[in-house]
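In order, the protein sequences belong to chains D and A. Numbering follows our numbering, in which position 334 of the first sequence is assigned residue number 334; successive positions increment by one, without gaps. Numbering follows our numbering, in which position 90 of the second sequence is assigned residue number 90; successive positions increment by one, without gaps.
You may find that some hints are simply not true.
[To be verified] Simulated restraints, written as ranges between beta carbons of each label pair:
#1 G276/D / I36/A: 56 to 64 Å
#2 D308/D / I222/A: 35 to 43 Å
#3 T278/A / E182/D: 57 to 65 Å
#4 F282/A / G333/D: 40 to 48 Å
#5 D56/D / D64/A: 50 to 58 Å
#6 F15/A / G216/D: 26 to 34 Å
#7 P394/D / K103/A: 45 to 53 Å
#8 Q52/D / L87/A: 41 to 49 Å
#9 D110/D / R75/A: 51 to 59 Å
#10 Y105/A / Q52/D: 41 to 49 Å
#11 R75/A / G220/D: 36 to 44 Å
#12 P394/D / L87/A: 57 to 65 Å
#13 P394/D / I222/A: 35 to 43 Å
#14 G333/D / A279/A: 33 to 41 Å
[To be verified] Looking from chain D toward chain A, a few residues come up when the C-beta cut is under 7 Å (computed):
#15 M84
#16 D88
#17 E118
#18 S121
#19 E247
#20 V380
Hints were generated in silico from the structure; no laboratory data involved. Predicted, not measured: the structure shown is a model, and the values here were computed from it. Beta carbons are placed, not taken as given, at the ideal position from N, Cα and C, and that holds for glycine.
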Amino acid sequence: MKRKLAVVCIMMLSATTILSGCGGSSDDSSSGGKTKIRFATWDVAEDVDKQQELVDKFNEEHDDIEVTLEAYGSDFDTKISAGMGSGDTPDVMYMWNYPAYYDGLEPLDDYIAEEGDEYKSNFYNTLWDYNMMDGSTYGIPVGFTTHCLFYNKDIFDEAGVEYPTADWTWDDLQAAAKTISEKTDAKGFSFQMKPDPYDFEMYLWSNGTSYCDENGEMDGYINSEESQEVFQMFQDMEKDEYATSTEGDGTDEFRAGSTAMYVYGSWAINTLNEDGVNYGVTTIPAFADAGQDSVSILSSSGLSMSKDSEHKDAAWEFIKYWTNEECNKARIGTELPVLNTVVESEGIMEQEEYAPFYTMLEQSQGHTPASFLIDSWSEVAENLQLSFEQIFNPSSLQPVDKALESAVQ
Amino acid sequence: MKKKKFLKTATPYFFILPWIIGFLVFTFGPLLLSLIMSFFDWPLTGEKVFVGLGNYIEMFTQDDQVLKSLGISLRYAAIFVPLNLILALFLAMLITQPLRGVKVYRAIFYIPAAISSVAISIIWSWILNSDYGVLNYLLSLIGIEGPDWLVDPAWAIFAVILASAFGVGTMMLIFYTDMKNISTEIYEAASIDGAGPARKFFSITLPIITPTLLFNLITSIISSFQQVTLVMLLTGGGPLQSTYFYGLMTYNNAFKHHKMGYASANAWVMFIIILLLTALVFKSSSAWVFYESEVKADNKKKKRGGK
Chain D
1 MKRKLAVVCI MMLSATTILS GCGGSSDDSS SGGKTKIRFA TWDVAEDVDK QQELVDKFNE
61 EHDDIEVTLE AYGSDFDTKI SAGMGSGDTP DVMYMWNYPA YYDGLEPLDD YIAEEGDEYK
121 SNFYNTLWDY NMMDGSTYGI PVGFTTHCLF YNKDIFDEAG VEYPTADWTW DDLQAAAKTI
181 SEKTDAKGFS FQMKPDPYDF EMYLWSNGTS YCDENGEMDG YINSEESQEV FQMFQDMEKD
241 EYATSTEGDG TDEFRAGSTA MYVYGSWAIN TLNEDGVNYG VTTIPAFADA GQDSVSILSS
301 SGLSMSKDSE HKDAAWEFIK YWTNEECNKA RIGTELPVLN TVVESEGIME QEEYAPFYTM
361 LEQSQGHTPA SFLIDSWSEV AENLQLSFEQ IFNPSSLQPV DKALESAVQ
Chain A
1 MKKKKFLKTA TPYFFILPWI IGFLVFTFGP LLLSLIMSFF DWPLTGEKVF VGLGNYIEMF
61 TQDDQVLKSL GISLRYAAIF VPLNLILALF LAMLITQPLR GVKVYRAIFY IPAAISSVAI
121 SIIWSWILNS DYGVLNYLLS LIGIEGPDWL VDPAWAIFAV ILASAFGVGT MMLIFYTDMK
181 NISTEIYEAA SIDGAGPARK FFSITLPIIT PTLLFNLITS IISSFQQVTL VMLLTGGGPL
241 QSTYFYGLMT YNNAFKHHKM GYASANAWVM FIIILLLTAL VFKSSSAWVF YESEVKADNK
301 KKKRGGK
């Protein structure tokens, strides 16, 4: 009798394991008459809570669609990769790395066309370039940042140097940095020792060149004279010891007051405000001989649809919601709004810490990052990063021409 | 009658069924799939093309990074494994001493092993930072100018070793439990014969715990080759790729460059290398590992032979 009971228990136990094992994948996607949409985000912590609120709101407003938020955090790329590999991609997902993933994404041009011209033109034009691949649009812009020059007002005051302005050139920056290093304990300027090649291309653009031509050919571009000038300038600043190269992105050094200036995206604003750093923001200095304004790279995020999604109309409905004015407004503080109407109505351009990012955005039209042009970008980027590090790492400081020559190969 | 007999023989299998299912689904299945993948050009999206041994050939003929990374991993293992063993053994000896408050120390030494390696990486990246890190500050107090741990390629690997040695607690605990099992009579007998602490350690403790030593040696060889998290978060493979471990290279090939097939081939080569190293250690173990049961069996044989 006892044994029988034991056997029954085991059978039940194993049955439940098997059933629950299968249950995960055989989730019926339209149970209860509602279309279920899976939505993947890379955000973490409080940002996810905010997103969940917005998702809940959407679900309340729609009787026929139910969106579930899946927060992948730092595993985002791994999980999206794995999802695409196994045909189990979320219906809607955050996206920035289009060259790597566009194969698995739904082209959205037809959907956009249906919404009319005004829908499209309300977004800042430059943003569309960053959500496209091979002439098709794969994402609707959600947020972006350009890069700007942050400066510590207290250190400038201490050294008695005028604050940076929008018409500064790098020569002005160098002169100011020198004075600051001499008169205070802080270094005048800092830049990343191991910059992300994607970000660093903006300096080459600003000096009238790029990593490669439209076909992804790098020879004659990254090792061009203009390009060498850029790298040489940064290396010289480091060698002359009024600038320093930082292990991380430079925010920590800036917060600690050990550097007076650095170039970074709008990500730093919240942290710096919380710390109570007395800082200012302005556009990146231009190269004096380049005869053009400085240009910034865009770090942009968009919302994409999986090409394997079974409920594309519902997914589009949600994408439209997530990128509308209401949600743009709700995200202010974590994302810079991407809609002209929202920037106007919320008076973003009057806020001096945000306005320069939009100025940079307008100055930065018409450049295509090398990541969109070079097929095996992630591997090329790894090589480039190594070359850049060879130039900027204080324990190597390799000659610029040699390091860039090896980057071409 | 027959039914009852079936149930009787089947019952144990039902007990281990959940584990078997778990093993098949989560270990054996992926293992098999990765072996198959390693013979394909397997991008994330798009066509998968069968390339036979192409991935393996590419690894050793075209990709310089494979041998470089393998070298880095080997160097790391060569320093880390002995260091970790000695450190664990030393700490285990300390916490077996009959002292007041030894339990507190035991907990303190073990705590780092209970912290996730992500947290450890972040803690150490602060400790080792050349500008505001506490380690260089402490060194400066005794008049030493500390190196740029995470910037200077010559020092970065030691920084990684230092950070991984932080998790020595698990191994220490295994040594400790084994040492606790050694009967005190043996030590007493040795003391009467006039053996000092060093003599007792090398002639009693060490020989008795050799099976544990073997176990720890093998697991730490394996884990040192599989080290990914720490380098990924602490150094990102840098500076100047001086800590670009084999495991990190494999990870990047798979999840950064999206070359699943190639990365699977990387992983299988590592598997084979680990297998060979482990086999080598096992093979050598007959020379230096002593099992009590073996010794007893040997004695019996000898006795019988003597008769």
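Status of each hint after checking the structure:
{"no.": "1", "hint": "G276/D / I36/A: 56 to 64 Å", "in the structure": "holds, 57 Å"}
{"no.": "2", "hint": "D308/D / I222/A: 35 to 43 Å", "in the structure": "holds, 38 Å"}
{"no.": "3", "hint": "T278/A / E182/D: 57 to 65 Å", "in the structure": "holds, 60 Å"}
{"no.": "4", "hint": "F282/A / G333/D: 40 to 48 Å", "in the structure": "violated, 59 Å"}
{"no.": "5", "hint": "D56/D / D64/A: 50 to 58 Å", "in the structure": "holds, 52 Å"}
{"no.": "6", "hint": "F15/A / G216/D: 26 to 34 Å", "in the structure": "violated, 59 Å"}
{"no.": "7", "hint": "P394/D / K103/A: 45 to 53 Å", "in the structure": "holds, 46 Å"}
{"no.": "8", "hint": "Q52/D / L87/A: 41 to 49 Å", "in the structure": "holds, 46 Å"}
{"no.": "9", "hint": "D110/D / R75/A: 51 to 59 Å", "in the structure": "holds, 55 Å"}
{"no.": "10", "hint": "Y105/A / Q52/D: 41 to 49 Å", "in the structure": "holds, 45 Å"}
{"no.": "11", "hint": "R75/A / G220/D: 36 to 44 Å", "in the structure": "holds, 39 Å"}
{"no.": "12", "hint": "P394/D / L87/A: 57 to 65 Å", "in the structure": "violated, 32 Å"}
{"no.": "13", "hint": "P394/D / I222/A: 35 to 43 Å", "in the structure": "holds, 36 Å"}
{"no.": "14", "hint": "G333/D / A279/A: 33 to 41 Å", "in the structure": "violated, 58 Å"}
{"no.": "15", "hint": "M84", "in the structure": "holds, 5 Å"}
{"no.": "16", "hint": "D88", "in the structure": "violated, 12 Å"}
{"no.": "17", "hint": "E118", "in the structure": "violated, 34 Å"}
{"no.": "18", "hint": "S121", "in the structure": "violated, 31 Å"}
{"no.": "19", "hint": "E247", "in the structure": "holds, 6 Å"}
{"no.": "20", "hint": "V380", "in the structure": "violated, 10 Å"}
The structure fails to meet hints 4, 6, 12, 14, 16, 17, 18, 20 from the earlier list, while all remaining hints are met.
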